[in-house]
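If you want the building blocks of each chain, they are given just below.
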Amino acid sequence: MIVRTLLAAICAGLIAGIFMTAAQELRLTPLILKAETYEAAPGSGATPAHEHSSRASDTFLQSLAAALDPIPAAYAHDGAEHEEGGTLFGMSRFSGTLIANLVTGAGFGLILGGLGIALGRPPTLRTGLAWGALGWLSVHLLPALGLPPELPGFPAGDLADRQTWWLMTTVLSAIGLGIIALRKEIWAKAAGLGLLAVPHLYGAPQPGDLASPVPAVLGAEFAVAALATTLAFWLVLGTVSGAINDRFVPKT
Amino acid sequence: MSHGAITEVVMAVTNASGVSLSLNDRMIAALLSLFIGAFLVFGAGLAHSSALHDTAHDVRHSFGFPCH
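Quick note, the sequences are listed as chains A and B, same order.
Going by the working numbering, the first residue of the first sequence is number 1, and it counts up by one from there.
Going by the working numbering, the first residue of the second sequence is number 1001, and it counts up by one from there.
With the rest of the complex left out, here is chain A (with noise of 0.2 Å):
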């Protein structure tokens, strides 16, 4: 039963890392490509927040190529801060993308089938909408309260920070999260939600100067884009876990 619901998390997690692909070269990565132009900009002034290159370009042949490139030009970084750039095994843009994804997509959906042993009760057909909508909130809405979905080019603050605040408010969500809806005594939810409160009274980090190459406006629409993407990857996530779990997983 354990290994059938484990592989029914990893069936559906594929499955959705699949989906948030086809989502993503949709709507999110065309902008990641528009704010690389912009990013360190001959003349803008501003000195680059991120060290991505320019060469990536507007028209649909060139960032074609750039998207088939194995080393394409926005992962060119100067050697400088890195030790070696260019992406696993010289793979392309694309295709990077759909492993990450893939990989991605297994390991929420491993954490959401393994959260859902370990409570007793793993995502049904009828509760996987639930279970995704909370993955949704507690990994990407509340933290992006503090940290949104950001583009390249934008200033943010130290990376280690931002990870381990990141890192912070998506258990505590999940955990608040999870008691609000398992519990029925009102201190239980007053607690659970002190706790999804706790991160954003202590506030995230912020980098100390907001000058950016990039539109503003870029920045909202990514930042839209990206949790739209992300709640249907939840869902999709949720739902499929629960339908693979009714049909091959019996109950217990």
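Where hints are given, some of them may not hold.
For each label pair, taking beta carbons as the anchor points, the in silico distance ranges come out as [unchecked claim]:
(1) B:F1035 with A:G120: 16 to 24 Å
(2) A:A211 with B:D1025: 36 to 44 Å
(3) A:T164 with B:L1023: 31 to 39 Å
(4) A:F94 with B:D1025: 37 to 45 Å
(5) A:L145 with B:L1023: 13 to 21 Å
(6) A:A191 with B:L1023: 21 to 29 Å
(7) B:I1028 with A:P30: 41 to 49 Å
(8) A:Q206 with B:D1025: 21 to 29 Å
To spell it out: a stretch of chain A is covered by chain B in this simulated footprint if at least three of its residues, at any positions, have a beta carbon under 8 Å from a beta carbon of chain B; those stretches are [unchecked claim]:
(9) 24-30
(10) 91-100
(11) 190-202
(12) 236-242
In case anyone wonders, no lab produced these hints; they're calculated from the structure.
In this text, all values refer to a predicted model and were calculated from it rather than measured experimentally.
C-beta: ideal position from N, C-alpha, C; glycine also.
Given chain A, put chain B in place with the hints provided.
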């Protein structure tokens, strides 16, 4: 993978693994699942290796993982 193939794989695996489940087994499975899942998400989303970063670049931005 076709529907039939998935059924076959799942059947093969479950036939090999027993049916009895103690609470202990369940917790081990849950922890294992959480651990592997966290490892995969960490590798794709948070690890500082520049090869991993460059491969997963667009995914990290799209998922809102802190990046750069």
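Annotated coverage of the region 236-242 of chain A by chain B, confirmed only when three residues or more have a Cβ within 8 Å: That given contact is violated, which follows from only 0 residues of the region 236-242 of chain A lying within Cβ reach (below 8 Å) of chain B.
Supplied distance hint 36 to 44 Å, evaluated on CB atoms of A211 of chain A and D1025 of chain B: For D1025 of chain B against A211 of chain A, whose Cβ atoms are near 56 Å apart, the range 36 to 44 Å is violated.
CB-CB spacing for D1025 of chain B and F94 of chain A relative to the 37 to 45 Å hint: holds, 41 Å
Cβ separation of I1028 of chain B and P30 of chain A, checked against the hinted range 41 to 49 Å: Given range 41 to 49 Å: holds, Cβ gap about 44 Å.
Pairwise beta carbon distance, T164 of chain A to L1023 of chain B, judged against the given window 31 to 39 Å: holds, 33 Å
Range hint 13 to 21 Å (beta carbons of L145 of chain A and L1023 of chain B) holds or violated: violated, 37 Å
Distance restraint evaluation - Q206 of chain A, D1025 of chain B, Cβ atoms, bounds 21 to 29 Å: About 46 Å separates the Cβ atoms of Q206 of chain A and D1025 of chain B, which means 21 to 29 Å is violated.
Beta-carbon spacing of A191 of chain A to L1023 of chain B - inside the hinted bounds 21 to 29 Å or not: holds, 26 Å
Within 8 Å of chain B (C-beta), three or more residues of the region 190-202 of chain A: Check failed, 0 qualifying residues.
G120 of chain A and F1035 of chain B - C-beta distance against the hinted 16 to 24 Å: holds, 19 Å
Check of the region 91-100 of chain A against chain B for coverage (Cβ-Cβ below 8 Å, three residues minimum): Check passed, 6 qualifying residues.
Residues of the region 24-30 of chain A with Cβ under 8 Å from chain B, three needed, outcome: Per the Cβ count (3), the hint holds.
Of the numbered hints listed earlier, those contradicted by the structure are 2, 5, 8, 11 and 12.
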